[in-house]
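S.K.: What follows is the residue order along each chain.
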Amino acid sequence: MVYSGAFKLRRWVPGNSIEMERNPNFPIKPEGGESKYVQKVVYRFIQNTNSLLVAVIGGSIDATSSVSLTFDQGRSPQLVRRAPGRFDIWFVPGAIWEHIDINKFENCQAVRDLGLNDKRTRQALLHAMNREGLVKAFFDGLQPVAHTWIAPVNPLFNPNVRKYEFNLKKAEALLAEMGWRKGPDGILQRTVGGRTVRFEIEYVTTAGNALRERTQQFFAEDLKKIGIAVKINNAPSAVVFADDYIQRASECKWTGMFMFAWVSNLQEDGSLFQYKNLNTGAIMVPTKENNYQGQNIGGWRNDEFDRLTSQAVLEFDENRRKQLFARAQEIWAEELPALPLYFRANPYVVRKGLVNYVASAYAGGYGYPGWNAWEIGWESRGAVKKWDQAKYALSTR
Amino acid sequence: MFAYTVRRLLQMIPLLFAASVVIYALLALQPGDPLDELRRQNPRITAEQFEALKRAYGLDQPLHIRYFKWLSRAVQGDLGYSRTYGIPAAEYIFVQRLPKTLLLSGLALTLALVVAIPVGVFSAVRQYSLADYAITFLSFVGFSMPVFFLGILLLYLFAIWLPDHIPGFPRFPTGGVPGVLWEDVRSGAVSLWAFLGQWAWHLILPVLALSSLQMAEWTRFMRASLLEVLSQDYIRTARAKGLAERVVLYKHALRNALIPIVTLVGLAIPGVLGGATITETIFSYPGMGRAIFDALVEKDYNVAMAALAFLALMTALFNLLADLAYAVVDPRIRYS
Chain V
11 MVYSGAFKLR RWVPGNSIEM ERNPNFPIKP EGGESKYVQK VVYRFIQNTN
61 SLLVAVIGGS IDATSSVSLT FDQGRSPQLV RRAPGRFDIW FVPGAIWEHI
111 DINKFENCQA VRDLGLNDKR TRQALLHAMN REGLVKAFFD GLQPVAHTWI
161 APVNPLFNPN VRKYEFNLKK AEALLAEMGW RKGPDGILQR TVGGRTVRFE
211 IEYVTTAGNA LRERTQQFFA EDLKKIGIAV KINNAPSAVV FADDYIQRAS
261 ECKWTGMFMF AWVSNLQEDG SLFQYKNLNT GAIMVPTKEN NYQGQNIGGW
311 RNDEFDRLTS QAVLEFDENR RKQLFARAQE IWAEELPALP LYFRANPYVV
361 RKGLVNYVAS AYAGGYGYPG WNAWEIGWES RGAVKKWDQA KYALSTR
Chain F
-11 MFAYTVRRLL QMIPLLFAAS VVIYALLALQ PGDPLDELRR QNPRITAEQF
39 EALKRAYGLD QPLHIRYFKW LSRAVQGDLG YSRTYGIPAA EYIFVQRLPK
89 TLLLSGLALT LALVVAIPVG VFSAVRQYSL ADYAITFLSF VGFSMPVFFL
139 GILLLYLFAI WLPDHIPGFP RFPTGGVPGV LWEDVRSGAV SLWAFLGQWA
189 WHLILPVLAL SSLQMAEWTR FMRASLLEVL SQDYIRTARA KGLAERVVLY
239 KHALRNALIP IVTLVGLAIP GVLGGATITE TIFSYPGMGR AIFDALVEKD
289 YNVAMAALAF LALMTALFNL LADLAYAVVD PRIRYS
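If you read the sequences in order, they're chains V and F.
Just so we're aligned, residue 11 is where the first sequence starts under my numbering, counting upward by one.
Just so we're aligned, residue -11 is where the second sequence starts under my numbering, counting upward by one.
Hints in this document: simulated from the structure, not taken from any laboratory.
Careful, some of the hints might be misleading.
Here are the simulated EDC-like pairs of lysine to aspartate or glutamate, each with C-alpha atoms no more than 20 Å apart in a straight line [what the hints assert, rightly or not]:
(1) K241/V / D195/V
(2) K362/V / D98/V
(3) K298/V / D152/F
(4) K362/V / D172/F
(5) K235/V / E175/V
(6) K235/V / D279/V
(7) K50/V / D21/F
(8) K146/V / E223/V
(9) K50/V / D72/V
(10) K57/F / D21/F
(11) K42/F / D253/V
(12) K129/V / E299/V
All of these numbers come straight from a predicted model, not from anything done at the bench.
Modelling step: build the complete structure from the supplied sequences, incorporating the hints.
M.R.: Spelled out as C-alpha cells, the structure:
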C-alpha cells in the first residue's frame, strides 16, 4: 500500500482493531523530533456506547474518536466524577447547525395568512422561544445558542449581530403591530382579506429523533403563552428529507416551520440563503423552474445578501472577505429567514498528558477528530504541547 | 435408521428452498434498499444517475429474477461480495465471524451444560433443602436478568469497580478480542500459551454473561425432569431390589431424565451458530450475531443471505441430529 499520512497500517484484526505505526517518510516533523511523539496508534472498534463508556472509565482507552460517546454520556456523573486528574472531557462546538426554516413563499395561503413572509412575524416567533432555557435544560449550556447560520468556530463568524432574547412582551408587541388579537379560545387571530384567521402554524421535524421532538414540545409551550397554536406534523427523515417534500415549499408541501440541521463547511459561501448566486447565475431557491435544486428551501430573497456573499467568495483579502460576510450576517439576523437554535457539540475524552490530540469543528471525517496526527504525543516522553483545546472547546468543569 | 436418515435429508431440500425464498423476500421487502445510503450521503444525486446505479446493482429487476440469479450462483458456491467490507461474503461469514462465534457461544453452552446438569441433579436429590431453595432462587435470578444489563454490570464490576477498590485485583479487559493473530503464533512472535491465555482472559466475562440464562434454565429443567423420573415405579423397584443409591440415580434415573435436555440442547445449537447479538454488542465481540444485525441495517444483502441461509441449514440439520440422538439415549425410540 502507498501511504501519504503520518501513520501507516501495521495490522488489522477483523472486527476488533486496527493498529497504525508512524510513517517514517511523512515529511512534516513535530517539534523536537518524532521519536518523542506517539509511535503506535491502536483503534478499537466498540459499537455500543455504554461499553465504550466502561472502556473509557476503565482506562483501556486513551482518547475517543470523533464519533464516540453521546452528548448525555459525555456529561454523565460516572464519567465526570472520575475525570479529575485522569482525563479531560471536551465539548467541541461543531459545525452542525440546528435551526428552524420557515416557508416564505407568498403563493401559499398559510404563509400569507400568518404573515410568515414578513420579518416581524419571524422576529416575534424567535423572541417567544426560550432558547437559553432550552440549552440550559437539555445541554447544561454546553451547546450555546446560535445567532446566525455561521458557526462561532468559523473565522467568518460575526458575533455582533442582532440577538433575539426570550421576551414575550416584545413578541406580543410585534404581533399586535401585524394586527393579531387574542381570540375567544386564547389563540391569536386577525382579519386577512375579510376572513378571520387563527395563528396556527405547522411545525415539522424528523420523527424518531427524541431530542428534536422534545425541543418541539419545549417551544410549542413557549408559543402557546403568546397565543400561537402549533400543529405538529412530523415524519421519518426519509420522508421529510425526500426531494418531493423539503424542496417543495414553493408548492406548499410544508407551510410553516421545519426544524432540522445543516452541516456547515469551512468554505462558507452563503449559498444556504442566496436567491441567486451572482457568480454562476444559479437560482438557489428550489422551484419547478430550476428542477427543485438549491438549499434555500424557504424561498428567502435579499439582493443585498446575494451581492455580498457572491462577492465575498471571490475576495482574496481575508479581512475584506470577513467584512462582507459580517455585513451579510447583519442583514440575515435582521431579516431572520430562518430561526437559529444552537450548534451541536461533540463530546470527546482524552487522557491527561496526551497533547495535541485536539478536535476541530471542521475535521473529524474517518474517525480522527483533528488534522494534526503527527503532533500527538505524551508530555512525559517530551512531546511539546502546541494546541490547547481549552481555547476551542467547553468542558464539564 | 439409515433409510430414515436419508429420507429426512432429502426432505430438507424443499424445506431449505422454501426457507431461502422467504428470507430473500423478507430482505427485499424491508423498507429501503442498498442504495439508500448512497442517496443519503449525496442528496444531489440525479434521478438518471440513481437509475444507472440501480441497473448496475441489478436492483431494477423483479424480485423473482433476482432470487434465481442469487440461487444459481449460491448453489455453485458463490455467495457474492460483501458490499460493506469488500471481501467475499463467504469469507466474512465463515472465516472471520463463524469461528469466533463458535468459540464464544460453544464455551457458553458447554459451561451452561457442565454446571446445569450436576447442579440440577443435586437440587433434585435434595429437594426442599436449604441448598435447593438457594439454587432455585439463583436460577430465577439468572433466568430473569437481561443479558444487556448483566453484561454491563460484569464489565463495570470486573473492569472498573473491583480493581479500583481491591488492590491487586486483576483488571479484566473491557470487551473486544486480543490484538494477536494466529499468524503471530505461527511466526513465533507470540507463544501458543500466551495466545490462548489472552483469549481466555478476554472470553471470561462474555462467556459468563452469555451462559447465565441457559445455565439457569437448564438447571430448572434438569431438576424438574429428574424429580419426575425419581417418582416413577421402576425407580422404587430398583431401590427395592437392593441396588445402591448411586446406581439407581445415575444408571436408572439420570439416563431417562436427560431425554428432555437432549431436545433443549439440540434446539440451542443453531442459536449458538447464530451468535448472540446483544452479548456481542456489549462486549464488542466480532461474532455472527453482530454480523447479521449489521448486514441487515447496512442492507448488505449478500452477507445477510449467506448467514441466514446457513442458519436455516443448521437448524434443519440439528433438528435431525436431535431426533437421531433420541434413539441413542432412549432405547424405546426406533426409527424405521
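S.K.: Hint by hint, where does the structure go against what was stated? Just the numbers, ascending.
M.R.: 3, 4, 6, 7, 12
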